[in-house]
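Residue numbers (full-length UniProt numbering), protein chains in the order written: chain A, 1 to 345; chain B, 1 to 345; chain C, 1 to 345; chain D, 1 to 345.
Just to be clear, a hint being listed does not mean it is correct.
One copy or two, either will do: identical chains are not told apart, so a pair holds if it fits within one copy or between any two.
30 angstroms max Cα-Cα, derived DSS-like pairs, lysine-lysine [what the hints assert, rightly or not]:
| hint | residue 1 | residue 2 |
| --- | --- | --- |
| 1 | K251 | K330 |
| 2 | K185 | K209 |
| 3 | K104 | K268 |
| 4 | K256 | K111 |
| 5 | K204 | K251 |
| 6 | K111 | K2 |
| 7 | K163 | K89 |
| 8 | K163 | K185 |
| 9 | K256 | K204 |
| 10 | K224 | K251 |
| 11 | K209 | K89 |
| 12 | K204 | K185 |
| 13 | K204 | K163 |
| 14 | K256 | K209 |
| 15 | K89 | K268 |
| 16 | K111 | K251 |
| 17 | K89 | K224 |
| 18 | K2 | K330 |
| 19 | K204 | K111 |
Read the hints as simulated data drawn from the structure, not as lab findings.
Residues per chain, in single letters:
Protein chains: 4
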Amino acid sequence: MKAGIVGANGYSGIELIRLLMNHPLVELEMLISHSTQGSEIQQLYPHLTGFLDRRLEDFDADELARRTDVVFFATPAGVSKDLLPECLKRGLICIDLSGDFRLKDPAAYEKWYQQSSADTALLNDAVYGLSEINRRQIAGARLIANPGCYPTASLLGLAPAVKDGAIDLGSIIIDGKSGVSGSGKSMVPGNLYCEVNENVKAYKLGTHKHTPEIEQAVAAMSGKNESITFTTHLIPMTRGLMCTIYATLAKGYSTKEFLEMYERFYDKSPFVRIRPLGSWPSTKEVAGSNFCDIGLNVDGRSRRLTIVSVIDNVVKGAAGQAIQNLNIIKGWDEQTGLALAPIYP
Amino acid sequence: MKAGIVGANGYSGIELIRLLMNHPLVELEMLISHSTQGSEIQQLYPHLTGFLDRRLEDFDADELARRTDVVFFATPAGVSKDLLPECLKRGLICIDLSGDFRLKDPAAYEKWYQQSSADTALLNDAVYGLSEINRRQIAGARLIANPGCYPTASLLGLAPAVKDGAIDLGSIIIDGKSGVSGSGKSMVPGNLYCEVNENVKAYKLGTHKHTPEIEQAVAAMSGKNESITFTTHLIPMTRGLMCTIYATLAKGYSTKEFLEMYERFYDKSPFVRIRPLGSWPSTKEVAGSNFCDIGLNVDGRSRRLTIVSVIDNVVKGAAGQAIQNLNIIKGWDEQTGLALAPIYP
Amino acid sequence: MKAGIVGANGYSGIELIRLLMNHPLVELEMLISHSTQGSEIQQLYPHLTGFLDRRLEDFDADELARRTDVVFFATPAGVSKDLLPECLKRGLICIDLSGDFRLKDPAAYEKWYQQSSADTALLNDAVYGLSEINRRQIAGARLIANPGCYPTASLLGLAPAVKDGAIDLGSIIIDGKSGVSGSGKSMVPGNLYCEVNENVKAYKLGTHKHTPEIEQAVAAMSGKNESITFTTHLIPMTRGLMCTIYATLAKGYSTKEFLEMYERFYDKSPFVRIRPLGSWPSTKEVAGSNFCDIGLNVDGRSRRLTIVSVIDNVVKGAAGQAIQNLNIIKGWDEQTGLALAPIYP
Amino acid sequence: MKAGIVGANGYSGIELIRLLMNHPLVELEMLISHSTQGSEIQQLYPHLTGFLDRRLEDFDADELARRTDVVFFATPAGVSKDLLPECLKRGLICIDLSGDFRLKDPAAYEKWYQQSSADTALLNDAVYGLSEINRRQIAGARLIANPGCYPTASLLGLAPAVKDGAIDLGSIIIDGKSGVSGSGKSMVPGNLYCEVNENVKAYKLGTHKHTPEIEQAVAAMSGKNESITFTTHLIPMTRGLMCTIYATLAKGYSTKEFLEMYERFYDKSPFVRIRPLGSWPSTKEVAGSNFCDIGLNVDGRSRRLTIVSVIDNVVKGAAGQAIQNLNIIKGWDEQTGLALAPIYP
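Take these sequences, add in the hints, and give me the full structure.
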């Protein structure tokens, strides 16, 4: 199977390259980047020297259709909504890592992304690619809206409790902490080393685009619409994302009962690992891998559940989950090309 | 005025040295450290070369009484409860940076610190040194229990809203993020560079010693006992601490109304700075200084207040607030020796 | 005395603000920044809240002459050569932190900086502000060319040995390592967090602008022109600069004899600290301060001297030395406003 | 083929596990660690959860002989010299990642390591496992002394020039910069986060154990004994090591001619990548991989060659090269199990 990557020059694009080179059933055929077209990928990214001898090309849907079977869009918000339909209508499988096809409601997209939305029919067709939750729908899909990094960690952390009805949905608070690669290679002051190093910064309080995405998915799992409080923080590290999630108990489970429920829920999900009682995951323990590690604690005094969920934002939060979704679409083993252990330390 | 530091070899001790050398009314007379007694401080800490020509000495209450007027205890939990009373009875002003005299209830200390508590009478005498809140009691005190780093950021962030009754106390959730200097120079694996770097780690869920300290202070401000959910995270940075605090509104204030209330509340407190609407503080903006910067946001959708409160954990969270308290005890300007701008970047 | 800062919005400008606010004999009157004129400095840099209530202004030599006595230029290369002469002719003391007036030979400037040089007469008038070496010339100067960060650490490390004739000048190799603040707030990919973190990068081999500056100063000290090998590395930290300097011995001194020579040489220089035998400085030991710490080692086997010299690049390598030079010009104690201990850890 | 790891609990041991799990022809059978015997590896290192279900065992040569074919020693200096001979005499292939069998001269070991050396006969038998240089000897070996991290980067950087006679051996200066994982998990103050972060530190000037190892290998390549100046620096990062090497030209080659010579020399070495003219490698570009990337520059003014050589110290500087050596011993493709791209960023 031949693949193309649109936005191959960004961090998610580069990670797709690393992972797909390791995939036995996919061959990287086209690297698309408007801004760096014509350059050799090895010159832009010398770490790839000896691995991939390709030039970046400009976007051309016909060329993509001629040479590839699947296209990954690792582009900023607002790009794939225009380019992806061209690929879709030419019969390509499209996996979009941006937010353009995640929200079902065009008005929500326009409010949170501050621009016009993708075609409504396509929004309806798009399958939300949270692999562990939506396997069945993903299996037959042509258009995957790959989840955002914060939603991935949040929703995998929440899903068992939400589906069980064990927590009060209106009480959910998500405190997210992310490394800087999440904001890509954007040339903004906030991404400069001297601004990030030795610093923790809260940002976009009440306005982060991942908020409606999380709410929509919680509503899909529970059948109820509730507002969720979601706050994000920039942490001085490159990779890694943690969501610490708080919710009031609706059922009187103990930590141990929650752990058993989570173990059962993710029994068939090799990329979700539940920590034993009294142990909580750290981001380094999933670095470079497609895992989501989850730890739980019930505070008996406050009748509140705390969920600690970690991922590598560039892998499970972007490129890795995209490939996992391709595996599911094609009916391959979900772990194909992704069975790498985290790098530690 | 002459000062002694017990535990001068740790990070809080070293910071007391840096700040007191800059204090016009205090002279550093004795540096106490059992483990490194006999060594010259400049040899242990070459950055002090040319500033302070002193050897570390062993603890001796008589000697302290003879040569000093005030003693700072920058010692691990469980040390000052035994040594400090010896200094107190010899007439010295005692400022304890450890947790030994913070909890009024001996049973709470024994439960959370897992060791026997200080003398109950002294626990009653000790004044909780949260400078901005307890100025009046601090003014006449001989024994100050200097607050922990997390409680300082949390309580300064909560105080105006709690005293106003504007939030539901039972709903308070504190998500704390701290640099590593907070855990001192302890030789534990968790403090090794390779374990901390490129990592975020949640720790001590439901068991952190600062929990009862925060609850006790909130109860003192509100008259009501409520359990608070408090979670701590280790962040890859040396200095800096942020508490992101969540609470459900009890009154229907807007962000703007909260900001005005906070501005009024801290009108006479030069070390607390309230951020304007739409701006939230980052830890680097207080690095090396005694400031606590606070930003606020009301999420109208969820009727919840988010408070972002940052300090330098070694300054306002330890050595700086200790000196601020000495200034208050002595009736000096609160900023004496502490009027330094943060170092940026 | 009233001061203006041109380029107040960059990292050196911000550090000048921090240090001058602490200077008892200088008042900050004008902050100049073309790109951010009209903004309040506290809004751009919230860490200054409560310290300095000023708006950034556009450059206006008449206004500077009317309101200030000394002007610091913390501007990128190529700016002060045009603006500074306007201030100089209006009688202002001018201290240039950029490279525009450092090289006496206009052709050298044009070769290494790739642009036309400043007026030759002014190049001749400019005094190279390496405080510890050129005190006498600085004392009467109106135009100071403040040294670069690498040259400061290199030349203070080399001066005693070079002046003594103890090393072979042609053998000098300088291996420089710098934190990222040295390259300012430039929006270039190489300054992004994700590119710098967990990375060491060698850059500008054989082409770094500080090369001719170091060679010119070594020639001035020795009377001989020699090529020096100078290599620079970007290190994942914000502040701090180390030069490890290698040279073949011309005289058979032991480490101990070198240490004694260096101690004597810097006897009257409070900002240079020589480490005892067997101890070498690290950059953190001078963080936030105006010190240059130096350690020495003679390798008997290879007859080679190794010099380890560290500074805070933003202080002794820029803003601190500029203020030290103003102190010398005005005949004030060299340490005025600069007597702060390093911040550790 | 079955493998055992002695010292499986340290960073090199853990990296051997990560890489061997990915090796198609080797199965991990025994994990040995005296200090943590009895524990499950997944409990000590939760990042391995789901990968390896094994308990750490105590060292037992008979058991190793019974269950494995090859043993890796990832132990501190002074351990393998006693344990390894027991395995060797039981017919196991032994690959020692420590320094115990690297120096041919027992007196040199005793001088630099400050303890008694291994058996002299075994020192003679041991093959120095610098894969790219000693392939032929490695092919038939039973005992490999795997090179140190600094020597690996230094010698791969030097080999072509040394073998060609293109540089003056007595002029070689190696300025090494390493991440902290190189010093393992040792509980020493210098490895604490707060001491390493925002800091560069020169250490062990003139006394680093890798000095005689480099000199011995240069002598083996050139037939001449020369003293080399070697200085090491600790850099605030976890993984990565750079050696910047300086040498005076013995032949008048240009940079281009050196590059061609290096390309030819490493033509059959897939793990050494030579950078094109004007480009120098950074450590991040080899992170997590077994590559050694090399850049070159001739400074025509000083007639000096500068070589920049980078590796991941835990991979090519330890575990990766050890596996590469096993591949060579067994006649497998050198890249078996090691063909992973670096992780970037």
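The hints, checked one at a time:
no.	hint	in the structure
1	K251 x K330	neither (39 angstroms within a copy, 54 angstroms between copies)
2	K185 x K209	both (18 angstroms within a copy, 28 angstroms between copies)
3	K104 x K268	within (28 angstroms within a copy, 50 angstroms between copies)
4	K256 x K111	between (41 angstroms within a copy, 23 angstroms between copies)
5	K204 x K251	between (33 angstroms within a copy, 24 angstroms between copies)
6	K111 x K2	neither (36 angstroms within a copy, 50 angstroms between copies)
7	K163 x K89	neither (36 angstroms within a copy, 60 angstroms between copies)
8	K163 x K185	neither (37 angstroms within a copy, 42 angstroms between copies)
9	K256 x K204	between (35 angstroms within a copy, 17 angstroms between copies)
10	K224 x K251	both (17 angstroms within a copy, 26 angstroms between copies)
11	K209 x K89	within (28 angstroms within a copy, 55 angstroms between copies)
12	K204 x K185	both (19 angstroms within a copy, 23 angstroms between copies)
13	K204 x K163	both (29 angstroms within a copy, 28 angstroms between copies)
14	K256 x K209	between (34 angstroms within a copy, 23 angstroms between copies)
15	K89 x K268	neither (34 angstroms within a copy, 46 angstroms between copies)
16	K111 x K251	between (35 angstroms within a copy, 28 angstroms between copies)
17	K89 x K224	neither (34 angstroms within a copy, 64 angstroms between copies)
18	K2 x K330	within (13 angstroms within a copy, 35 angstroms between copies)
19	K204 x K111	within (14 angstroms within a copy, 39 angstroms between copies)
Consistency note: the structure conflicts with the earlier hints numbered 1, 6, 7, 8, 15, 17.
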